[in-house]
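A.B. asks: Listed below are the residues making up each chain.
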Amino acid sequence: MLLSTIAQHLGLEFAGEDLEITGVNTLEAALETELSFLANPKYASKLAETKAGAVVCTADQAENVQRALISENPYFDFARCVAIFAKPQGEMKGISELAFIDPTATIADDVTVYPHAFIGPRATIGSGTVIFPGCYIGEDSTIGADCILYPNAVLMAETTVGDDCIIHAGVVLGGDGFGFAPTEHGVQKIPQIGTVTIGNDVEIGANTTIDRAVLGSTSVGDATKIDNLVMLGHNVEMGSNCLIVSQVGISGSTKIGNGVVMAGQAGIAGHLNIGDGATVGPKTGVGKDIPAGVTMAGMPAMEKGIFMRHTTLSPKIPDLFKRVKQLEKEIEALKK
Amino acid sequence: MLLSTIAQHLGLEFAGEDLEITGVNTLEAALETELSFLANPKYASKLAETKAGAVVCTADQAENVQRALISENPYFDFARCVAIFAKPQGEMKGISELAFIDPTATIADDVTVYPHAFIGPRATIGSGTVIFPGCYIGEDSTIGADCILYPNAVLMAETTVGDDCIIHAGVVLGGDGFGFAPTEHGVQKIPQIGTVTIGNDVEIGANTTIDRAVLGSTSVGDATKIDNLVMLGHNVEMGSNCLIVSQVGISGSTKIGNGVVMAGQAGIAGHLNIGDGATVGPKTGVGKDIPAGVTMAGMPAMEKGIFMRHTTLSPKIPDLFKRVKQLEKEIEALKK
Amino acid sequence: MLLSTIAQHLGLEFAGEDLEITGVNTLEAALETELSFLANPKYASKLAETKAGAVVCTADQAENVQRALISENPYFDFARCVAIFAKPQGEMKGISELAFIDPTATIADDVTVYPHAFIGPRATIGSGTVIFPGCYIGEDSTIGADCILYPNAVLMAETTVGDDCIIHAGVVLGGDGFGFAPTEHGVQKIPQIGTVTIGNDVEIGANTTIDRAVLGSTSVGDATKIDNLVMLGHNVEMGSNCLIVSQVGISGSTKIGNGVVMAGQAGIAGHLNIGDGATVGPKTGVGKDIPAGVTMAGMPAMEKGIFMRHTTLSPKIPDLFKRVKQLEKEIEALKK
Numbered sequence: 133m134l135l136s137t138i139a140q141h142l143g144l145e146f147a148g149e150d151l152e153i154t155g156v157n158t159l160e161a162a163l164e165t166e167l168s169f170l171a172n173p174k175y176a177s178k179l180a181e182t183k184a185g186a187v188v189c190t191a192d193q194a195e196n197v198q199r200a201l202i203s204e205n206p207y208f209d210f211a212r213c214v215a216i217f218a219k220p221q222g223e224m225k226g227i228s229e230l231a232f233i234d235p236t237a238t239i240a241d242d243v244t245v246y247p248h249a250f251i252g253p254r255a256t257i258g259s260g261t262v263i264f265p266g267c268y269i270g271e272d273s274t275i276g277a278d279c280i281l282y283p284n285a286v287l288m289a290e291t292t293v294g295d296d297c298i299i300h301a302g303v304v305l306g307g308d309g310f311g312f313a314p315t316e317h318g319v320q321k322i323p324q325i326g327t328v329t330i331g332n333d334v335e336i337g338a339n340t341t342i343d344r345a346v347l348g349s350t351s352v353g354d355a356t357k358i359d360n361l362v363m364l365g366h367n368v369e370m371g372s373n374c375l376i377v378s379q380v381g382i383s384g385s386t387k388i389g390n391g392v393v394m395a396g397q398a399g400i401a402g403h404l405n406i407g408d409g410a411t412v413g414p415k416t417g418v419g420k421d422i423p424a425g426v427t428m429a430g431m432p433a434m435e436k437g438i439f440m441r442h443t444t445l446s447p448k449i450p451d452l453f454k455r456v457k458q459l460e461k462e463i464e465a466l467k468k
Numbered sequence: 133m134l135l136s137t138i139a140q141h142l143g144l145e146f147a148g149e150d151l152e153i154t155g156v157n158t159l160e161a162a163l164e165t166e167l168s169f170l171a172n173p174k175y176a177s178k179l180a181e182t183k184a185g186a187v188v189c190t191a192d193q194a195e196n197v198q199r200a201l202i203s204e205n206p207y208f209d210f211a212r213c214v215a216i217f218a219k220p221q222g223e224m225k226g227i228s229e230l231a232f233i234d235p236t237a238t239i240a241d242d243v244t245v246y247p248h249a250f251i252g253p254r255a256t257i258g259s260g261t262v263i264f265p266g267c268y269i270g271e272d273s274t275i276g277a278d279c280i281l282y283p284n285a286v287l288m289a290e291t292t293v294g295d296d297c298i299i300h301a302g303v304v305l306g307g308d309g310f311g312f313a314p315t316e317h318g319v320q321k322i323p324q325i326g327t328v329t330i331g332n333d334v335e336i337g338a339n340t341t342i343d344r345a346v347l348g349s350t351s352v353g354d355a356t357k358i359d360n361l362v363m364l365g366h367n368v369e370m371g372s373n374c375l376i377v378s379q380v381g382i383s384g385s386t387k388i389g390n391g392v393v394m395a396g397q398a399g400i401a402g403h404l405n406i407g408d409g410a411t412v413g414p415k416t417g418v419g420k421d422i423p424a425g426v427t428m429a430g431m432p433a434m435e436k437g438i439f440m441r442h443t444t445l446s447p448k449i450p451d452l453f454k455r456v457k458q459l460e461k462e463i464e465a466l467k468k
Numbered sequence: 133m134l135l136s137t138i139a140q141h142l143g144l145e146f147a148g149e150d151l152e153i154t155g156v157n158t159l160e161a162a163l164e165t166e167l168s169f170l171a172n173p174k175y176a177s178k179l180a181e182t183k184a185g186a187v188v189c190t191a192d193q194a195e196n197v198q199r200a201l202i203s204e205n206p207y208f209d210f211a212r213c214v215a216i217f218a219k220p221q222g223e224m225k226g227i228s229e230l231a232f233i234d235p236t237a238t239i240a241d242d243v244t245v246y247p248h249a250f251i252g253p254r255a256t257i258g259s260g261t262v263i264f265p266g267c268y269i270g271e272d273s274t275i276g277a278d279c280i281l282y283p284n285a286v287l288m289a290e291t292t293v294g295d296d297c298i299i300h301a302g303v304v305l306g307g308d309g310f311g312f313a314p315t316e317h318g319v320q321k322i323p324q325i326g327t328v329t330i331g332n333d334v335e336i337g338a339n340t341t342i343d344r345a346v347l348g349s350t351s352v353g354d355a356t357k358i359d360n361l362v363m364l365g366h367n368v369e370m371g372s373n374c375l376i377v378s379q380v381g382i383s384g385s386t387k388i389g390n391g392v393v394m395a396g397q398a399g400i401a402g403h404l405n406i407g408d409g410a411t412v413g414p415k416t417g418v419g420k421d422i423p424a425g426v427t428m429a430g431m432p433a434m435e436k437g438i439f440m441r442h443t444t445l446s447p448k449i450p451d452l453f454k455r456v457k458q459l460e461k462e463i464e465a466l467k468k
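Residue numbers (my numbering), protein chains in the order written: chain U, 133 to 468; chain X, 133 to 468; chain C, 133 to 468.
In short, the hints are calculated from the structure, not lab data.
Among the hints, erroneous ones may be present.
Example chain C residues on the side facing chain X (calculated, C-beta under 10 Å, incomplete) [said to hold, decoys possible]:
1) Lys174
2) Ala176
3) Ile202
4) Tyr282
5) Ile449
All C-beta atoms in this analysis are idealised placements derived from N, C-alpha and C, irrespective of residue type, glycine included.
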């Protein structure tokens, strides 16, 4: 594809001679016919050495490269360039005869169902959606339009997924929440009769699990992105535009606002409120509500400023014990 | 179903006029024909506002509601009410022709096997058990009566599961333990020739993995409940009536007593003994044995009382450094 | 199998009368016809009580047992003995008619493909490899010779796996990395068009996920062993001979050297360099580069020596606050 065509397609100006672009790559690895990008000015020195045929960059960097696609947000516009060259996973079209589809299911036009998928009674699959092999769509589940369910994703009964969602391999939506009533003779299972509701434009990473509610619904808002191996307990209510990184765990009934970011391996206790725009650092253990906009880190969670000082001081604690011991000696001497 | 019928079914008294009950719900969301519950007196003020047609509660709360199902353990009895209205997942019956069942397998009466399940040589499946799509039951495995194996659950060869167990989607039982012998030229895999043995009435959450033993058996006792994404290493021996919350990891050969509770994301080192009734807090890192009945928390694990003080004091440590510095100055001044 | 045959097979000497060996076991559990081992001299006292018919041990222990297989590395040689008695999982041979194999795929001789597996366009499967039920091999993926892919393992498109690899049940290789460009109107997905490349003799534990690169390749070197429920982010480059224990998470673009060991639930931030032979303790949170050969532990990570002192002192911190308060009082008194 010609650089000029890409520029036109994205509504960007380009500087330099036109060129046939064969792909996208990093500044280090790009070939002479590939397109690269400079998002962080810190790496501007790499422009001198790159072989890239063209670079997506801000206007002030355009003269440092052979050809530029000029952008106010180079990282975003590079993402759009990558999308041009990206190939979707899988090559089948239509409904495989090796899939099991219950006769009461409603399958829109232009749906792809791979071999060995299972679509249960009264399930509804929206137009353009692709269901890879080994997926299980339980009875009365609803999936919107233009979704992708990668291999072996599982939606238990009555799960709802909006439009334009990506559900990665091995995801489990709507398994039973972990709910038991204590009795004198051990615990009694509380049947989990609620559901899971996923908004539009949500992405859920490989092997992540989101449990069905005990009553009502566990929910994830529009445009929220969840990484691999995350756990959302029953009745969690998560807002829109959140970013939840790998291996995070959120306990039951916690409410997460909009635009919340949680870094890897963070854990959130149950029945909490996490305010809009809050940020939770990696490995942080949250046991209390977080107000909107606040950043917490550490175990137990502290405001980030305190945590940073804590981090600096932690390795000095052994020395602090020595200093206190020394002080005690000196006071003893002084008292004498 | 009439309230009177529910009361009779559960052996409870009811107060107020009879009513056709259509479902169960929270006090906030219940409709006028739904049944709700009050388990924690802290929420008693909600009784004034609920629309619920009837409430499971203790005798002293009965006069505050329109209709009451009187219970000494309202949470437990509400769980039993939910069970009345709960619908099992899946609607198939019998053995699907799209499943693969080895001719040497023994399948009891009244077993359901969904399409695309695989049951290997000499496997045994007990009466009333349901095997969802994509499950793999390896050779010489034994599953008891009235179990449910949700989609894509995997039991590698020679795994044993008792009666009345629930194995959620994506669970892997009997994968190889992580065992290697160091040599001069890198590590050598130690074949894992042991098994996994699961008791009766055990529940195992989605995408949890329990490794087979190197020799002997990794085991989980009766009525133990394990949440999602938990990892049990080879030769772990877990007792009965334990509650293991999501994302816990237990390293090889550790012995867990009966009635042990582990909160989310806790980690237990290998070759330890965790006593009966011990409790491990969230995100706790356990490196030593825990005596029976003791509660540990923190990383590294401490007795809970110390951890709680630690939690309160942690954010004040930066200030403590300042105080010690000030003391050092003052002592220096005094010495002069 | 005769003890003499085993000795000959492994190139070891044996002491004592010959015996028909029926299996391998621990010193405690071994029967009179079973082989056991003593690797750690700490447990030498168990030799007096074992019923084992023969023991793999060092020359100096040989006179304490009825029959000995004499070894300079008993743990390693016992692993080799176990391998003699180990039975591979699964009993099928050849290509099942219930598998889906794209006509453009290249399947070498002596490959086994189980029912309900899916092999996509232009995939290549090397000689002797076994693909269990429910596996998904995406288009243009390449798997070497003598690999095992256990049930429901997923290789998304263009994944490369070397020879002699073991991919356990539920593993997902090549799911999209977690990459989004922030914009004024929420985040924009960055298509992940790179791949995953796994070396030779690699083992990957159940339900582990390794994401495809945004550009280039996420890679794992030869003979590296990865446990269950581990997460490797996009563009991670891991060296050879590493041991990565369960539930570890490694963020995007981090480079891991050769011979690195990471204990359970450790977490590594993105864009870091972890040097050859470094060790990361359990639950450790790594936010900075680690030089070659260094051992880090704790959250935040510290050198192990400091962490150990920290661990000892942590429970004494509440007391330290009291001591400082006392000092402050005494100084105040002295000043007066």
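A.B. asks: So, for every hint listed, does it hold in this structure?
C.D. replies: Comparing the hints with the structure gives:
no.	hint	verdict
1	Lys174	12 Å, violated
2	Ala176	18 Å, violated
3	Ile202	17 Å, violated
4	Tyr282	7 Å, holds
5	Ile449	6 Å, holds
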